[in-house]
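Join these two chains into a complex; the hints should help.
Chain by chain, the residues run as shown.
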Amino acid sequence: MLKKTVLVLFAVLMGGVLADAHEEEFKLINHLRYYKTMYDAHEADELMRIPYGLKPENVGGEDQDSKKECQGVPMAFRPTENSDEVWILDSINRGLKLFKSGKLLKHIKIKQEMGFISDFAFNKKGKIALLNQNVGNVYIINDNGNLIKNISGFQCANSLEFVSENTLLIDSPLSHGKVKLSIDGDLLGVYESDQTLSVYSSEKGVWGLDCYGGQVAKLFVRPNNGKTIKVIVEFPYKDYEDVEYKGGNIYGFDKDGNIYFGLVACNPEGIIYRDRIYKCNQNGEVLKEIDVLSKPFMSPNLPRHRVACPDGRVLTFHSFEDNYYLYTYSMK
Amino acid sequence: MKKTCVLLSGLILALGVATNPNLTNVCATVDPFDESAEVVTSEEKFVAEDPGEIEIETAKVITGENKEEEENKEEQEEQEKEEGSGTVEYTVKPGDFLSLIAGNQMGNSSRWPEIVELNKDKYPSLLSNPNLIYAGWVLTLPTGSKGNTVTPNNTSNNGNNGGTVTGGVIANGQSTDSSGWGSASPCEPMPSWISSEYGPRDLFGHSFHHGIDIPVCSGTRVNAMANGTVIAAAFEPGGGNYVKIRYDNGYETFYCHLQSFNVSVGDRVEAGQQVALSDNTGQWTTGAHLHMGVYLNGQSVDPRSVYNGFPPKR
Numbered sequence: 004m005l006k007k008t009v010l011v012l013f014a015v016l017m018g019g020v021l022a023d024a025h026e027e028e029f030k031l032i033n034h035l036r037y038y039k040t041m042y043d044a045h046e047a048d049e050l051m052r053i054p055y056g057l058k059p060e061n062v063g064g065e066d067q068d069s070k071k072e073c074q075g076v077p078m079a080f081r082p083t084e085n086s087d088e089v090w091i092l093d094s095i096n097r098g099l100k101l102f103k104s105g106k107l108l109k110h111i112k113i114k115q116e117m118g119f120i121s122d123f124a125f126n127k128k129g130k131i132a133l134l135n136q137n138v139g140n141v142y143i144i145n146d147n148g149n150l151i152k153n154i155s156g157f158q159c160a161n162s163l164e165f166v167s168e169n170t171l172l173i174d175s176p177l178s179h180g181k182v183k184l185s186i187d188g189d190l191l192g193v194y195e196s197d198q199t200l201s202v203y204s205s206e207k208g209v210w211g212l213d214c215y216g217g218q219v220a221k222l223f224v225r226p227n228n229g230k231t232i233k234v235i236v237e238f239p240y241k242d243y244e245d246v247e248y249k250g251g252n253i254y255g256f257d258k259d260g261n262i263y264f265g266l267v268a269c270n271p272e273g274i275i276y277r278d279r280i281y282k283c284n285q286n287g288e289v290l291k292e293i294d295v296l297s298k299p300f301m302s303p304n305l306p307r308h309r310v311a312c313p314d315g316r317v318l319t320f321h322s323f324e325d326n327y328y329l330y331t332y333s334m335k
Numbered sequence: 097m098k099k100t101c102v103l104l105s106g107l108i109l110a111l112g113v114a115t116n117p118n119l120t121n122v123c124a125t126v127d128p129f130d131e132s133a134e135v136v137t138s139e140e141k142f143v144a145e146d147p148g149e150i151e152i153e154t155a156k157v158i159t160g161e162n163k164e165e166e167e168n169k170e171e172q173e174e175q176e177k178e179e180g181s182g183t184v185e186y187t188v189k190p191g192d193f194l195s196l197i198a199g200n201q202m203g204n205s206s207r208w209p210e211i212v213e214l215n216k217d218k219y220p221s222l223l224s225n226p227n228l229i230y231a232g233w234v235l236t237l238p239t240g241s242k243g244n245t246v247t248p249n250n251t252s253n254n255g256n257n258g259g260t261v262t263g264g265v266i267a268n269g270q271s272t273d274s275s276g277w278g279s280a281s282p283c284e285p286m287p288s289w290i291s292s293e294y295g296p297r298d299l300f301g302h303s304f305h306h307g308i309d310i311p312v313c314s315g316t317r318v319n320a321m322a323n324g325t326v327i328a329a330a331f332e333p334g335g336g337n338y339v340k341i342r343y344d345n346g347y348e349t350f351y352c353h354l355q356s357f358n359v360s361v362g363d364r365v366e367a368g369q370q371v372a373l374s375d376n377t378g379q380w381t382t383g384a385h386l387h388m389g390v391y392l393n394g395q396s397v398d399p400r401s402v403y404n405g406f407p408p409k410r
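Protein chains in written order, with the working numbering: chain F, 4 to 335; chain Z, 97 to 410.
Just chain Z, with the same shape it has in the complex (with noise of 0.2 Å):
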């Protein structure tokens, strides 16, 4: 019975791609596992410098002693503010970097921290990537700045979800984000449908589909999106062979049932850069495909919000 089933299964299938002309046939473009490629052998990545002590002048301690020091200058500070002539506020425009605003509007680029500290309950990417601003954004400038919006006391400060960044801002407006992102596909070839799109869905009891599948064969490239550094790259039961990387302007991906990565962690990474190959590893899985999740701040986004060049939905 079952090889009767499987024989069927192999009529129906050659008779569809027989009968369709609509597939991208992207086997046949795939190709071969790019042997040029950098290798990096054990015996080379293992030879270690010196662990010295390292600066990293951005590293901030508040020890208990002095928290509550801290907590009281901080609510003299916002009382100061509150009781001042009102608060400028500054609308983002293409082409701006945090620290071009603070010399232009602040009178000392150097002061750009201000503006983080100033904007980071609004804009909490702003913490990790003061370096992402998007056009449109309203930035909270301190008192006596020049400003090109200027608003009366007690105004609310309304951000968009409470500060998250939404694939929403990135389509109304233009970032400045020097990452690259945007300039470089997941996979190549990308074939012309995509066989599970981003959100609710009913496989293997799974409710919730927290990326996209795109149909390609086994040995697909796959590539970093944008400039970045490679964070996990590893196996586990479910996702098989998977590559994370944090990219430039604060989103990762995640990309999973790899056949095979050619990044290790740390590995700084550049937009279009091959990563890994596709295939079938892992749980969960019907057949090769590449599965990619985008996420920020921790959270799954649809990958349609934050890259334009997946093929349109059926």
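Isolated chain F (complex conformation) (with noise of 0.2 Å):
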């Protein structure tokens, strides 16, 4: 009985140590819980919404929970070179759909024995690539979706992303690494790598993240031909102990060549004290650097949450009710 007592006025009491100690320092913010160093992060800004269905003109379909949580979710989005405009994986309805300000545009249909497809890429030449995860299909198509190449052995592949007109780098976790292929389907290669090397690529190599754990990120990048990578720049975060960087992710480059990435670094409890986007050179040089807030989502099988827009742009993509939203952050 006094052990009871004992133990209950000891919970009082921490509660109340508690309460004081955490009430100012985060708060819930788009379900998440930020640090107050994150208090004044920018949002993104709506580009466009597109109602959920099974019309051309809708992404997603209509079988799915109601609050479509990630089942449903297009699983890929690009801009194109006039940002405003944003190619749209409709995995669901079997399309590829180009839309400007929610208008549809464009539309490919993808054929059924394709089966379901969870990311795409195009060449500056018209072709385009699309990745079967589940059955480990590449199948490079025109743009009117005629099958040209099907590639098999890439099952479970994450991503990928045309490096060239005729080469494409796949993210290939069984093939420990990222492979590079060509449209011919020849293998030209594989990275050995974990995930934090990327598939976006550049005439210096293929770039990368170190950022999980630790509370220095680092920038690197994979000559083509090389054997050790190159550490472009450090990110240092060690303004409060025992925060580190929890990941991040490289979202591609712009019209001039600039590479854009994010960096999150969290306390052990989660609290997210940095949410940030760089803007660099090829050199290293950090251009700008913004702090934003989320649109958060669990979709873990999404190749990619936000994509670099040759304006200079980041977009990123939200799920709400019955529409589907995509938004940017402008690094202006």
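By construction, these hints were calculated from the structure, which means they are not laboratory data. Please note: incorrect hints may appear among the correct ones.
Straight-line alpha carbon distances no greater than 25 Å define the calculated SDA-like cross-link-like pairs of lysine to any residue that follow [as the list claims (entries may be wrong)]:
{"id": "1", "chain 1": "F", "residue 1": "Lys152", "chain 2": "Z", "residue 2": "Ser314"}
{"id": "2", "chain 1": "F", "residue 1": "Lys114", "chain 2": "Z", "residue 2": "Gly383"}
{"id": "3", "chain 1": "F", "residue 1": "Lys233", "chain 2": "Z", "residue 2": "Gln395"}
{"id": "4", "chain 1": "F", "residue 1": "Lys241", "chain 2": "Z", "residue 2": "Glu213"}
{"id": "5", "chain 1": "F", "residue 1": "Lys112", "chain 2": "Z", "residue 2": "Asn393"}
{"id": "6", "chain 1": "F", "residue 1": "Lys30", "chain 2": "Z", "residue 2": "Ser356"}
{"id": "7", "chain 1": "F", "residue 1": "Lys39", "chain 2": "Z", "residue 2": "Gly383"}
{"id": "8", "chain 1": "Z", "residue 1": "Lys216", "chain 2": "F", "residue 2": "Lys241"}
{"id": "9", "chain 1": "Z", "residue 1": "Lys218", "chain 2": "F", "residue 2": "Lys258"}
{"id": "10", "chain 1": "F", "residue 1": "Lys30", "chain 2": "Z", "residue 2": "Asn376"}
{"id": "11", "chain 1": "Z", "residue 1": "Lys218", "chain 2": "F", "residue 2": "Gly139"}
{"id": "12", "chain 1": "F", "residue 1": "Lys152", "chain 2": "Z", "residue 2": "Ala384"}
{"id": "13", "chain 1": "F", "residue 1": "Lys221", "chain 2": "Z", "residue 2": "Ala328"}
{"id": "14", "chain 1": "F", "residue 1": "Lys39", "chain 2": "Z", "residue 2": "Ala384"}
{"id": "15", "chain 1": "F", "residue 1": "Lys258", "chain 2": "F", "residue 2": "Asn326"}
{"id": "16", "chain 1": "F", "residue 1": "Lys221", "chain 2": "Z", "residue 2": "Gly362"}
{"id": "17", "chain 1": "F", "residue 1": "Lys112", "chain 2": "Z", "residue 2": "Pro220"}
{"id": "18", "chain 1": "F", "residue 1": "Lys241", "chain 2": "Z", "residue 2": "Gly362"}
{"id": "19", "chain 1": "Z", "residue 1": "Lys218", "chain 2": "F", "residue 2": "Gln115"}
{"id": "20", "chain 1": "F", "residue 1": "Lys241", "chain 2": "Z", "residue 2": "Asn358"}
{"id": "21", "chain 1": "F", "residue 1": "Lys114", "chain 2": "Z", "residue 2": "Glu213"}
{"id": "22", "chain 1": "F", "residue 1": "Lys233", "chain 2": "Z", "residue 2": "Ser360"}
{"id": "23", "chain 1": "F", "residue 1": "Lys152", "chain 2": "Z", "residue 2": "Gly394"}
{"id": "24", "chain 1": "F", "residue 1": "Lys114", "chain 2": "F", "residue 2": "Lys39"}
{"id": "25", "chain 1": "F", "residue 1": "Lys112", "chain 2": "Z", "residue 2": "Gly394"}
Here the structure is a predicted model, which means the values were calculated and not measured.
Structure representation (structure tokens):
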């Protein structure tokens, strides 16, 4: 009885202490817990919204839970050279759809035999690569949706990206790295790597972010024909003893070749101390950095959640009620 | 007002813990993070081999030019089969595997890909993992095979759910899977109750829970459930730190809201190997717990239907 009484008193006291300690240090924004350093971070601006449904001008279909958590959310999106136009991979309705201001501009139908497509990429000559990660096929199609090539062997691949007109880089965990593949089906090589190496490549090589744990994140590049990586720039964040980098992603390049990426740092309780987007030139000079408030999601199967636009904005998505939203963060 | 609520909450919680003998006190038995686990430094990870040419024997290329020819060939082959004396069926027994069936029934163990080809529509998982077949499956074998079930022409080929393997198949039959599935718990220790089951719910506006929530303390050991490969290990605002593993039997597990993970993408893991520590990172969390989802062919399945080591439903 005495023990229980002591326990109860202790809990009461601890409740008071914790209330004082945390009341003003974090708050919920968009259902995420942010530390006070993030209270003035940038919100994203709505670019367009597209209603869920089955028609060509819809995405996502209708046969999903009402909040469209992740089943049915379009798997991927990419801006065109005109950053206000966005290609959306509507896997449920089997189509690649080009939208601007919520209006459908173009619709490429994906043939049923290709199955559920999880990622796509365009080269600059009208060829499109589609990835079916369940079966492990990469389909090369033209802009009428007609099959040109079917290349198998990429089960569980996460994403793909054109690194040149006829060459793809495929994130293939079962191949232990990033696979370089020609659209004719020739395997050109494998960059053995973990999740830190991206599928984004420039003349300098393949870019990556070392940011899982620790208080220093590194942007690095792996030269195309080299054996070791080259660290381009480091980002120490040692303001708080128990806060570490938890992850980050490279978002791509703008039309001037600047690279965009994001870094997230949390304390052990998962409170976000930093969610920052960077714009760097390829020599490592930081041109712009902004803290941002995320549009949260629970969609681990999506190949990417943010993409750099040619005009320097960063595109992201959100799902809410009956619409699929595209948002941008401005880096100007 | 806020402080009063917090104090009252603390009081109620304390009373609940003090008076309920049925709640397993998992916190007291959590081991600290195992610092003896192998750690690979960044420098070691990135020293790369020369990216030479890699041969993949299974790679298959169908060009636009020969597509029509291939289709005509397939149609012809199907027609020849239909005109044969009847299909031969074989019911999988515990202990069977495809090359054994091919050897015993077709006279040549290396003909097992023909079994995959004939049954891929009925059992699509054969394409992704021909190592995994289940006792009770009825396989169609090429004409001329011995079989253990013979059916006349025009027999409808009834699959289960159009070929989708469901948890019910595993429960009804003995798997020939050698991935070690079922031998390891997703977390240690496993508490005596589940805080949120798979299925419909309404929390934070989400109407369907695509996984199961296990109420464990921060820092609880999270394990690989079978032999497999890590296919994702990253952070996202919704799920916080997460790890995805693709197992040799075709299943995938997704763990999120983790404190940390000690594996990298591409790592091979064994059943029972520690891959992470649980926590409360990410969105939509009401406190420290482990969310785990199980997926097959891209679709979520009820974890209880494929693993019987969870505590009973309340």
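Status of each hint after checking the structure:
no. : hint                 : in the structure
1   : F:Lys152 to Z:Ser314 : violated (48 Å)
2   : F:Lys114 to Z:Gly383 : violated (44 Å)
3   : F:Lys233 to Z:Gln395 : violated (40 Å)
4   : F:Lys241 to Z:Glu213 : violated (57 Å)
5   : F:Lys112 to Z:Asn393 : holds (23 Å)
6   : F:Lys30 to Z:Ser356  : holds (23 Å)
7   : F:Lys39 to Z:Gly383  : holds (20 Å)
8   : Z:Lys216 to F:Lys241 : violated (54 Å)
9   : Z:Lys218 to F:Lys258 : violated (48 Å)
10  : F:Lys30 to Z:Asn376  : holds (15 Å)
11  : Z:Lys218 to F:Gly139 : holds (19 Å)
12  : F:Lys152 to Z:Ala384 : violated (47 Å)
13  : F:Lys221 to Z:Ala328 : holds (20 Å)
14  : F:Lys39 to Z:Ala384  : holds (22 Å)
15  : F:Lys258 to F:Asn326 : violated (30 Å)
16  : F:Lys221 to Z:Gly362 : holds (21 Å)
17  : F:Lys112 to Z:Pro220 : holds (24 Å)
18  : F:Lys241 to Z:Gly362 : violated (30 Å)
19  : Z:Lys218 to F:Gln115 : holds (17 Å)
20  : F:Lys241 to Z:Asn358 : holds (22 Å)
21  : F:Lys114 to Z:Glu213 : holds (21 Å)
22  : F:Lys233 to Z:Ser360 : holds (20 Å)
23  : F:Lys152 to Z:Gly394 : holds (24 Å)
24  : F:Lys114 to F:Lys39  : violated (49 Å)
25  : F:Lys112 to Z:Gly394 : holds (21 Å)
The structure does not agree with the numbered hints 1, 2, 3, 4, 8, 9, 12, 15, 18 and 24 stated previously, though it agrees with the rest.
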